[in-house]
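> Assemble chain G onto chain B, guided by the hints.
2 protein chains.
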Amino acid sequence: MDDIITLDYGSGGKKTSRLIENSILPRLNNPALGELGDGAILPGAERLVFSTDSFVVSPLFFPGGDIGKLAVCGTVNDIAMCGGEPLYLSCALIMEEGLPMETLERVLDSLRDACRAAGVQVVTGDTKVVERGRGDQLYINTAGIGRLRFPGLSPKNIREGDRVLVSGSLGDHGATVMLARSGMAQGELRSDCAPLHRMAAALLERCPGVRVLRDPTRGGAATTLNEFVEGAELGIELEEAAVPVRPAVHAACELLGLDPLYCANEGKLLAVVPPEEAEAALETLHSFPEGAEAALIGTVTAKNPGRLVLRTRLGGGRVLQKLAGAQLPRIC
Amino acid sequence: MDDIITLDYGSGGKKTSRLIENSILPRLNNPALGELGDGAILPGAERLVFSTDSFVVSPLFFPGGDIGKLAVCGTVNDIAMCGGEPLYLSCALIMEEGLPMETLERVLDSLRDACRAAGVQVVTGDTKVVERGRGDQLYINTAGIGRLRFPGLSPKNIREGDRVLVSGSLGDHGATVMLARSGMAQGELRSDCAPLHRMAAALLERCPGVRVLRDPTRGGAATTLNEFVEGAELGIELEEAAVPVRPAVHAACELLGLDPLYCANEGKLLAVVPPEEAEAALETLHSFPEGAEAALIGTVTAKNPGRLVLRTRLGGGRVLQKLAGAQLPRIC
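Chain order of the listed sequences is B and G.
Residue 53 in the working numbering is what sits at position 53 of the first sequence, and the numbering runs on without skipping anything.
The number in the working numbering is simply the position in the second sequence, starting from 1, with 332 added.
Extracted from the complex, chain B is given alone in its bound form (with noise of 0.2 angstroms):
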């Protein structure tokens, strides 16, 4: 560990896991809850999902999406990815002295559409002010409570031969905000910044022995998927052909010295499901816009044990690890 905090702590990667691991969990770990996941299902009765986003993504504004559409989004698909039904969030904003009273708005107005299309409501908030200077303009926190109605989603429950969904391109969010920073033309790229939870309820309920879901956010696919399998017998062989990846992401990622598979995404989705659902479920994320390019991308091995491998176009096999360092800051 470092004595300081540094921007890699906050990319998702090796060095954030690093940092729950050895300084966060000795301290607030609750055995009651079992394994980590984008949100917790609470060991009450009440069979409730929890969770919780800080957003500090820079620029506020980039195409396909804004911090406020992205506050929703990321808060919303963490729940979805557990297997609840999102129904109600908190809105905390910290402001910087001088943010413009028209951009804050623009936000909420984001915002508030971004709940409507996703069916859930605010109902708690919070605001605060911080110097110039001690802030970014605007960072949103927010927290969302769903009903659980899929239970028992876990990486635990892969199995050898179980099959990798992606519910579309790769790298689409994390290309374009980095673009956007840059200030260099965008062109066709846009973030995929959408809620998933209808897409991921109408899958629970066509395919029951889905195993687990997750978006990969910060640290991209590689990252989720390597926690997939981290510590187990099993490992995952992804095709590098199979993986959807747009030209226009392809093209920002050689010039930004990017990968997409290290890219965040905030509209998509990797699903482990047993074999034999497989088709039933690229069937059912196909039936929906945001899961028009889903695609079998992947096979769970017991070749190599713990690893995600990358099986190239060549023929070859290379070994991907989880993000190490700060590919990404600021992304979300």
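Keep in mind that the hints were calculated from the coordinates and are not lab data.
The beta carbon of each residue, even a glycine, is placed where N, CA and C say it ideally should be.
Incorrect hints may have been included.
What the hints assert, rightly or not - Derived DEER-like restraints, expressed as beta-carbon distance ranges:
(1) B:N22 with G:R538: 43 to 51 angstroms
(2) G:A534 with B:E105: 54 to 62 angstroms
(3) B:N30 with G:A534: 22 to 30 angstroms
(4) B:H250 with G:G430: 31 to 39 angstroms
(5) B:R132 with G:E571: 36 to 44 angstroms
(6) B:P151 with G:E586: 54 to 62 angstroms
(7) G:P483 with B:R198: 30 to 38 angstroms
(8) B:N22 with G:A533: 34 to 42 angstroms
(9) B:N22 with G:H618: 40 to 48 angstroms
(10) B:A202 with G:E463: 35 to 43 angstroms
(11) B:L25 with G:A517: 32 to 40 angstroms
(12) B:R106 with G:P483: 34 to 42 angstroms
(13) B:G152 with G:E571: 57 to 65 angstroms
Stated by the list, open to error - Some, not all, of what chain G presents toward chain B, calculated at C-beta under 7 angstroms:
(14) I337
(15) L339
(16) T384
(17) V388
As the list claims (entries may be wrong) - Incomplete in silico selection of chain G near chain B, CB under 10 angstroms:
(18) L360
(19) L431
(20) D468
(21) L646
Using the frame of chain B, we list chain G on its own:
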């Protein structure tokens, strides 16, 4: 409305109210929720209380507490003031690059201890890192879920002749933090930061007629009491001689040009109770260490509708308005 957010908008006083009324509620209001309180009583069948607060206090450590303890007590108390039994917290950290790991861990130790003391559990969380100069070491958001045990608390219940109680001396937290920030010696000053849910529950059990509870944080007791009668046919008369204020708080306030009635508290509650329950309420508060200095400080009258009037020691009357402007920025 101004064109930009100034520090005043974070004061908890008039400008904060205006921001909420003009910019936030028109977008995010929720008719099903009824009036705004410290938290939301969820309209669904679960009878849950949901609340959130971000904590941006500066300095992070001060006599009697720190940002970690504050982040637990603040949300626990908001739930308690709604008649809820606090159960679960989320904890989201926004860390500035360069934050010493030791500082973070000290805060987390304190946060854990505060959770244990309050009997609540952190069940979900988030970590974000922002660049140097885009934060101020550490901001913490907590959201909390509680079970609604005592429904129906509301300023609308207030009747002529009701008595106003405070659970102890006023201004301790605000005066302590402001003096700590000034770098002056603090003497006996200590923040009152403490969880109030057990005392609140005992009060509500013994005195079922309690009209409303509120913890006077930002904006202080004067602002909270104003909120009780805002737009009502009734007013509140406060007896200056009855308001408990420690000599050290008086001295610090004189030095800093503050008024204890507008200083934040983090371990005090205000209650409005029917006259026939006033003695029992006082006795209940006195039976808790955190309520040892509880006092009857005012009366609800029909004389000054919508107003809070201070009866001074000299027999005069002075209207106390809601806090205007940023008396105390970043106090919680």
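> For each hint, tell me whether it holds in the structure or not.
Evaluated hints:
1. B:N22 with G:R538: 43 to 51 angstroms: holds (46 angstroms)
2. G:A534 with B:E105: 54 to 62 angstroms: Given about 43 angstroms between the Cβ atoms, the range is violated.
3. B:N30 with G:A534: 22 to 30 angstroms: 27 angstroms Cβ-Cβ, so the 22 to 30 angstroms window holds.
4. B:H250 with G:G430: 31 to 39 angstroms: holds (35 angstroms)
5. B:R132 with G:E571: 36 to 44 angstroms: holds (41 angstroms)
6. B:P151 with G:E586: 54 to 62 angstroms: holds (59 angstroms)
7. G:P483 with B:R198: 30 to 38 angstroms: Taking Cβ atoms as reference, G:P483 and B:R198 lie about 33 angstroms apart, which means the hint holds.
8. B:N22 with G:A533: 34 to 42 angstroms: holds (37 angstroms)
9. B:N22 with G:H618: 40 to 48 angstroms: holds (45 angstroms)
10. B:A202 with G:E463: 35 to 43 angstroms: holds (40 angstroms)
11. B:L25 with G:A517: 32 to 40 angstroms: With Cβ atoms ~39 angstroms apart, the hint holds.
12. B:R106 with G:P483: 34 to 42 angstroms: Once the Cβ atoms are compared, 37 angstroms apart, the range 34 to 42 angstroms for G:P483 and B:R106 holds.
13. B:G152 with G:E571: 57 to 65 angstroms: Between B:G152 and G:E571, where Cβ atoms are some 60 angstroms apart, the hint holds.
14. I337: Holds - the Cβ of G:I337 comes within 7 angstroms of chain B, reaching about 4 angstroms at its closest.
15. L339: It holds, given that the least Cβ distance between G:L339 and chain B is near 5 angstroms, below 7 angstroms.
16. T384: G:T384 check passes; min Cβ-Cβ to chain B is 4 angstroms, inside 7 angstroms.
17. V388: Where the cut-off is 7 angstroms and the nearest Cβ of chain B is about 5 angstroms from G:V388, the hint holds.
18. L360: holds (4 angstroms)
19. L431: With a closest approach of 4 angstroms, the G:L431 hint holds.
20. D468: Since the shortest Cβ distance to chain B is 4 angstroms, the answer is holds.
21. L646: Since chain B brings no Cβ nearer than about 37 angstroms to G:L646, farther than 10 angstroms, the hint is violated.
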